[in-house]
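Asks: Sequence:
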Amino acid sequence: MTTDKQKNALAVVACAAALAGLAVWTRSQQQSRTRLARKELTHLRFDLSVEEIEVETERILAKMKRVDDEIAAISGSAVTFQNTAQKLIDLDHEMLSRVTNVTFLGQVSADKETRDACNKADEAIEDFSKLSKLGIQFHQNLTEETIEVKFLHQELQGLSDDFIAALEKGDDGKYKIALSYPTVFPILNTCTVESTRKSVEYAFNRRCIDKNVAILEEMLELRHKVALALGYENHAAYVLEQRMAETPTKVKTFLTDLDNKLVPLAKKDLDNLLKLKEADCDKNEWKFDGKINMWDFRFYMDQFVKKHCSIDAEKIREYFPLAHVTSELLAMYQELLSLKFVEISQPHVWHKDVRMFAVYDARPQKNGHLVGHFYLDLFPRPGKYGHAACFTLQQGCANSEGIREYPAAAMVANFNAPTKSKPSLLGHQEVVTYFHEFGHVMHCLCSEVDIPRFAGTRVERDFVEAPSQMLENWCWENEPLQRLSSHYETGAKLSNELITRLISTKNANTGLLNKRQLLFATFDQTIHSKAKSNTAQVLKQLQTEIMLIDMTPDTNFAGSFGHLAGGYDAQYYGYMWSEVFSMDMFASRFKKEGLMNPKTGLAYRELILARGGSVDAGVMLNDFLGRAPNQDAFLLSKGLKA
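Residue numbers are given in UniProt numbering: position 375 of the sequence shown equals residue 375, and the series is strictly consecutive.
Source of the hints: derived by calculation from the structure; they are not laboratory data.
All figures in this text were calculated on a predicted structure; none of them were measured in a lab.
Do not rely on the hints blindly, as some may be mistaken.
[Said to hold, decoys possible] Heads up, simulated DSSO-like pairs for lysine-lysine below, C-alpha to C-alpha not over 30 Å straight-line:
(1) Lys225 x Lys198
(2) Lys291 x Lys275
(3) Lys211 x Lys540
(4) Lys198 x Lys252
(5) Lys366 x Lys493
(6) Lys225 x Lys150
(7) Lys133 x Lys211
(8) Lys112 x Lys275
[What the hints assert, rightly or not] Restraint ranges, calculated between C-beta atoms of paired labels, are given here:
(9) Asp172 x Ser345: 41 to 51 Å
(10) Glu113 x Glu477: 23 to 33 Å
(11) Arg404 x Val226: 54 to 64 Å
(12) Leu222 x Ala279: 48 to 58 Å
(13) Pro423 x Glu497: 22 to 32 Å
(14) Ser75 x Val226: 45 to 55 Å
(15) Asn534 x Ala323: 28 to 38 Å
(16) Asp161 x Asp289: 23 to 33 Å
(17) Ala229 x Trp286: 32 to 42 Å
(18) Ala62 x Asp632: 47 to 57 Å
Ideal Cβ placement from N, Cα and C applies to all residues, glycine included.
Use the sequences and the hints to build the structure in full.
Replies: Below, the structure is given as structure tokens:
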């Protein structure tokens, strides 16, 4: 997921919209350590006090208002590119790093007062929009969620000793389970005690239900009113006009066609899980209820992989220590994209666990030129953003005076932290996530666009995931898996046999897993095509229809569906839509020309990443592929016929 939390001072966007008639927004292997030279420093500050955040926020608001007022005062006959659009471009250029300084810590700071101050700053900067304020509140509620569930040791059967040892134990002898991904998913995947899985799934899908469901439903009504006021049938129609899909009808056709093709696979997957559950019940003399519940879903999918692919996800984890994966991932991206990464010693960062790197160009004509900087913030902590995402902190654009800033981005994740007995170990899917999110980082840093509005990941929302999704494919290929693996105790690589079995899991349960993504996308389109929605009722109906598995009563994951509160509203379909392009790019170029072929990698950097949103995605794809994209590779990747 890519996020522009700072939203680049949305007041600028509002003014830009008013000037749209001017048509001026034309989208025309080793790392060494070094101390960062002063000339290479970013304008980013991660040590501002609450008072400094408040003062800087007032300065930002004053500057934005002054520029807005100056433009508003210009008579129609006096309007020029320089005194309107160029001013907005320059303001946009200046504001991102300044807004980052007073808002980004709201996502990552360990200090609650700082987080609160940053969230207030975010609200103040976007105060012209009630929708923006509601979206900020939604995410703040989710970040600050502290609900826990507790279990005795015997209720955690099936989980590893290391996992249990890492849990906090209360005075009552029970283990505290925080509702975070690194804790919840292992329980849902491997805990053999059904009542424990049921309690965890119930609590997890009720996160922020009392606060955020009402916020989201109010946002839906406001979005619909805005769309009507602008002359659109609904919010989906309004948003999609500027996307690759263009209309809700095209999105619906795409989702419906894929859903129909996946039905046979999903039914087969469900039957496989039911057989495993029935056998489990017979073995343990439990009553078989004849259905897969949501607390059974991940558990029996994991059991299926263990039985039919002979893969134990926890054993595979031992081959992916975070330190080694990071080293090899960075080396592979450097080779592929003609870059050089240099870790900064004694960096200016927001937490002691954060690492900072300078990025240099390795292309012959620009060898040694500074490209930008990135940060890795990979471990969970209280109050931190709870998913994995790339945050653009500073754009690499030049203003009207030719002054260029270097781009900066942060990859924020929540991988398991090291313990006293073991280093941080990644599950294979977490390795995939790492490749994906770091792909967004590279999209930001490799941008060579001078207008901030079209730099880096600021492409059509239904294309933005494609560059990163394509890079996930390296995690499913023999040679990269050999490089990425190194058993944390012995240093042994994954054997060819184990790699073959691991790769075979890619299409295990593919029908149900893709149906789940279709559920999210269809739910998103449905609620953004109406004046108002009861999200719980819509979800209940759609989940049964699409996933063939009933939603757990009294749950509603809409309360924690952060994508819909900002950035991906009416656009979640983009994850699957963009897979069409990511698979086509991978299969047509890299798979044929070589996974680590530097010429292909450079073409990818220059024809896709460097151009940001300055060129329509369809044009970039044609340039890179040498033809119009098609769905063949995408369908094959889902186990379907092309």
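Asks: Quick one: which hint numbers does this structure break? Sort them smallest to largest.
Replies: Failing hints, ascending: 1, 4, 5, 6, 8, 10, 11, 14, 15 and 17.
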